[in-house]
Amino acid sequence: MTLSNYMNRKELLGFVILAVVIFLVLPLALDTFRLNLFGKYLTYAFVAIGLALCWGAGGILSLGQGIFFGLGGYCMAMFLKLEASTPENTSIQSTPGIPDFMDWNQLTELPVWWQPFYSLGFTMLAVVMVPVVFAFIIGFAMFTRRVGGVYFAIITQAFAAILTILIIGQQGYTGGVNGITDLRTLMGWDIRTDEAKNILYFVNGVLLFAVLFVAQFVRKSKLGRLLIAMRDQEDRVRFSGYNVANFKIFIFCLGAAFAGIGGAMFTLQVGFMSPTLVGIVPSIEMVIFCAVGGRLSILGAVYGALLVNLAKTTFSEGFPELWLLGLGGLFIAVVMAFPNGLAGLWSEKVEPWIEKTLKKTKVAEAPGPNKAPAE
Amino acid sequence: MSERFILSVEDLTVSFDGFKAVDDLSFYVEPNECRVIIGPNGAGKTTVLDLICGRTKATGGTVKFKGMNLLDMREDQIVHAGVGRKFQTPSVYEDLSVFENLELSYPKGHGVFGAVFFKQDQAVKDRIQEIAETIFLTDQLDEKAAYLSHGQKQWLEIGMLLIQDPELLMLDEPVAGMSVAERKKTAELLNRIIQDRSVIVIEHDMGFVADIATRVTVLHRGELLSEGSMDHVQNDPKVVEVYLGH
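Protein chains in written order, with the UniProt record's numbering: chain A, 1 to 375; chain B, 1 to 246.
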């Protein structure tokens, strides 16, 4: 794949603008508290990018992306919690050295499956692999049986509900409804300081771009075109000799991997992980971020996550009861009025206007064959 | 015995909730033969193609293609074995360009990672160009398939099959809904591409059938009514009775 196949000029411009926004405009314009808040919004963008591939390109609507966001986040939280639960820090517990919520729930030793999370290397692998394995199991079970469309969406939603109930029910092992809280250091580095929050924001930004580059690569590969083909004519793809289920499983797992990374960055920046980020409501919200941004556009997904969350923070402070209605209304409005979201508005309205304006000034400035170089 | 035929369909049966859409059907296709299946609406013609290509699962019987039992295989495996299928309504990828439609049908990079790292090399481009010329769409290569006319979409789908280079090509009413001019062009196209391969065609246009058929199979209510040359079936009183009319 040559460079121009990978990204055309317009897309490159979009990437550059987003990079300027994330790495320059926001850090310069905001104080640490607000920047950290935007860092949190951007962790949802990881999920929205995955949804743009699964749902926008491939037509696979998952209402359970919170599962993968949560699994990634919990893996990270387990590591941080173990580091925070040194015997000195927990000396007042009846069993020092285990996480506080385990002690409260009369556990006297660390469960075996928590043990590997002492290792940062294992944790980083688990942040990606646990969601991927989970997505593979769901995807394999559903897609090889040709479950799709609404049925798939409902089943993923059910999984999100089941996982939430499981986490809340197994309080001694998971921290229950409170989640895993009071996280302090990463390899001895205090993540609660302003400096750490600033650094984590940039780490998050870099990871987001890494994910964007992978997503762009997939979108521009033959697999990206196959996804669109599957969305339009699944049977035809099958009779062109493709095993459609494998492709769906792959893209679903990729979306899960993205979501897992987002979840881990959420835990690091916000300092806790809880079942409220796993269940049905957050999963649907994530779909709305993607829809508002424009489900066909990976960059739009990032803006969607940013803007909807900004609106959520702003409005829910003032009108906490009305916010959910507002969010629902927004979703309906987007679907009815501009189905391609912000990205659609941009390419249908703003871009033609810019081109027109540019042409006018060009003509005024330099009449003659002074055209921009062709692609 | 089996080597004489590229495709052997024996005792093929499918029943939908007790209704037998195809009932104990047997027929054999020889290499390079053009077999046309005719019959009144609801005779089970399309269902027979669906059964051969794996879209519908049979309740009984066997379908052997070059010694392989197709009934045990998945759709994509059947395609890789060398069976191509064109649907009745043109099914092309409307959101993709003509070029991309053909590219996806090119028989390479069919695994997940093969598709991620698939390269459009010169051989691929040349082949697509060649097919585009055959199906009269050279000027439309960069156009979205959604903007093609009905006839052009049918040609595009035929092109998508050609690029797979199947040994057995199955076409479901390839000239239905076409204008007279398009129909003539399509007949010419089909006559060219049915050389060097076996073809099964479903068609109602008897003039067209007489033009291309090696042999004709007549179906009625899921059963074989008559089989033989065009002359033979046209003069078969049973066929005249149920299908051709007096």
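Be a bit skeptical, because a hint or two may be false.
[Said to hold, decoys possible] Listed below are the simulated DSS-like cross-link pairs for lysine-lysine, each with C-alpha atoms no more than 27 angstroms apart in a straight line:
| hint | chain 1 | residue 1 | chain 2 | residue 2 |
| --- | --- | --- | --- | --- |
| 1 | A | Lys220 | B | Lys57 |
| 2 | A | Lys312 | A | Lys349 |
| 3 | A | Lys10 | B | Lys20 |
| 4 | B | Lys125 | B | Lys144 |
| 5 | A | Lys10 | B | Lys64 |
| 6 | B | Lys125 | A | Lys10 |
| 7 | A | Lys220 | B | Lys20 |
| 8 | A | Lys349 | B | Lys144 |
| 9 | A | Lys356 | B | Lys144 |
| 10 | B | Lys64 | A | Lys220 |
| 11 | B | Lys144 | A | Lys220 |
| 12 | B | Lys64 | B | Lys20 |
Everything labelled a hint here was simulated from the structure, so no lab data went into it.
Decide if the proposed pair is consistent with the structure: Lys312 (chain A) and Lys349 (chain A), CA atoms, cutoff 27 angstroms inclusive.
holds, 26 angstroms
Do the alpha carbons of Lys125 (chain B) and Lys144 (chain B) lie within 27 angstroms of each other, as the hint requires?
holds, 18 angstroms
27 angstroms limit on alpha-carbon distance, applied to hinted pair Lys125 (chain B) and Lys10 (chain A):
With a Cα-Cα distance of about 25 angstroms, the restraint between Lys125 (chain B) and Lys10 (chain A) holds, given a limit of 27 angstroms.
Holds or violated: Lys144 (chain B) and Lys220 (chain A), Cα atoms, limit 27 angstroms.
With a Cα-Cα distance of about 17 angstroms, the restraint between Lys144 (chain B) and Lys220 (chain A) holds, given a limit of 27 angstroms.
Do the alpha carbons of Lys64 (chain B) and Lys220 (chain A) lie within 27 angstroms of each other, as the hint requires?
Measuring from Cα to Cα gives roughly 39 angstroms; hence the hint is violated.
Regarding the pair Lys10 (chain A) and Lys20 (chain B), is the alpha-carbon distance no greater than 27 angstroms?
The given pair, whose Cα atoms are some 57 angstroms apart, is violated under the 27 angstroms limit.
Are the Cα atoms of Lys349 (chain A) and Lys144 (chain B) separated by 27 angstroms or less?
holds, 21 angstroms
Quickly compare the C-alpha distance for Lys220 (chain A) and Lys20 (chain B) to 27 angstroms and report which way the hint goes.
violated, 46 angstroms
For a C-alpha distance cap of 27 angstroms, please report whether Lys10 (chain A) and Lys64 (chain B) respect it.
violated, 52 angstroms
Does the alpha-carbon distance linking Lys64 (chain B) and Lys20 (chain B) stay inside the 27 angstroms limit?
holds, 21 angstroms
Given the proposed pairing of Lys356 (chain A) with Lys144 (chain B), does the C-alpha separation stay at or below 27 angstroms?
Roughly 25 angstroms separates the two Cα atoms, so the pair holds.
Within a Cα-Cα threshold of 27 angstroms, do Lys220 (chain A) and Lys57 (chain B) meet the stated pairing?
violated, 36 angstroms
In this structure, the earlier hints numbered 1, 3, 5, 7, 10 are contradicted, and the remaining ones agree with it.
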